[in-house]
Amino acid sequence: MKLKCPECDGDIEVKEVIEGEILSCNDCGAELEVSKKKDGSIELKVAESEGEDWGE
Amino acid sequence: MPTLSLLYDRIRTEEKVLINAAEKKGVFLKPIDAKELHLTITDFSSERELFGDVALERCVSHFRGLHLTAALENKGITVINPYSVSSICGNKMLTSIVLAKSGIPTPKTVVAFTKEEAMKAAEELGFPSVIKPVFGSWGRLIAPLKDRETAQAILEHREEMGNPLYQIYYIQEMIKRPPRDIRTVVVGEEIVASIYRYSGPEDWRTNIARGGRAEACKLSEENVEIILKAAKAVGGGVLGVDAMEKEEGIVIHEVNSTVEFKGAMSVSEVDIPGKIIEYALNLVKR
Chain A
1 MKLKCPECDG
11 DIEVKEVIEG
21 EILSCNDCGA
31 ELEVSKKKDG
41 SIELKVAESE
51 GEDWGE
Chain B
57 MPTLSLLYDR
67 IRTEEKVLIN
77 AAEKKGVFLK
87 PIDAKELHLT
97 ITDFSSEREL
107 FGDVALERCV
117 SHFRGLHLTA
127 ALENKGITVI
137 NPYSVSSICG
147 NKMLTSIVLA
157 KSGIPTPKTV
167 VAFTKEEAMK
177 AAEELGFPSV
187 IKPVFGSWGR
197 LIAPLKDRET
207 AQAILEHREE
217 MGNPLYQIYY
227 IQEMIKRPPR
237 DIRTVVVGEE
247 IVASIYRYSG
257 PEDWRTNIAR
267 GGRAEACKLS
277 EENVEIILKA
287 AKAVGGGVLG
297 VDAMEKEEGI
307 VIHEVNSTVE
317 FKGAMSVSEV
327 DIPGKIIEYA
337 LNLVKR
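From first to last, the protein sequence lines stand for chains A and B.
In terms of the numbering used here, the first sequence opens at residue 1 and continues consecutively.
In terms of the numbering used here, the second sequence opens at residue 57 and continues consecutively.
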């Protein structure tokens, strides 16, 4: 399935992903989170960036 | 059939393998995105239908996970790890206190609340020492205080930082250690894997997140005992206990509550995610 990068509109090939997984855009390098819309279809959102409290 | 949930804000390797491990056992581990949740905390209506019998809290954001844990525990949901454990592990000062109080070897640590007193503390400890933020992970902003000048510069930078928690100056003796530490994954009362983490070529820190390399570690009986005691001291659960090797023996410097075990998984034959799911299932039965 082909989706558009929300940051640069580049094409991103998406296969066998699960919700919450992070992909990066080959064109602009943005980190994108796989998210499910209400209708069950998959969309890509710009992922949160590293916070001060991230980690174990 | 018991139901489990996985509270996440980002699906890392660990979360993926946990979902697969549950599936293999015929258990549904329901992934729930903490970023898409809101909970009424002033009533105690059961949320068991949504969160299942036991929730595995795996948020990459410590404070998000910690507060979500508190909200769910008040609704009667068992969370791994409990709030009482996460709140200790998420704060290096509280962890040091608990470890020392329990008689577990841990590096000498001093805390101060102003830049000036922090400088005195560093001088007392002697150079080099290490300054660490009391919260945060992956070695973020951990800095060696090599001499008086470096210490002064780092403390001045600290003072300018917005988050008031950076003004809790936590300064620790520098342990003379080989370029590695020991990460042990503890699940309940069992050690499931132990690895050496060697610092990467461009960093002195050993965190896998900073490019550290994993190698299997065979623990001595004495070290097994110390590590299990450390896990128990913070309240137990699914934990990553970190140790450094001194000449006289190991010292425990950290216990991690949302343990990352990708490094351990790569060199261990033990089914770490499977052990974690079993642990969660056992808590349901209780």
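In short, the hints are calculated from the structure, not lab data.
Fair warning: this is a prediction, and the values are worked out from it, not measured in the lab.
There could be a bad hint or two in this list.
Unchecked claim - In silico DSBU-like cross-links for lysine-lysine, where the CA-CA straight-line distance does not exceed 30 Å:
#, chain 1, residue 1, chain 2, residue 2
1, B, 331, A, 4
2, B, 302, B, 341
3, B, 91, A, 37
4, B, 341, A, 45
5, B, 302, A, 2
6, B, 341, B, 331
7, A, 45, B, 86
8, A, 37, B, 285
9, B, 232, B, 331
10, B, 331, A, 15
11, A, 4, B, 86
- Task: List, from low to high, the hint numbers that the structure doesn't satisfy.
- Result: Hint check: 1, 2, 4, 5, 8, 9 fail, others pass.
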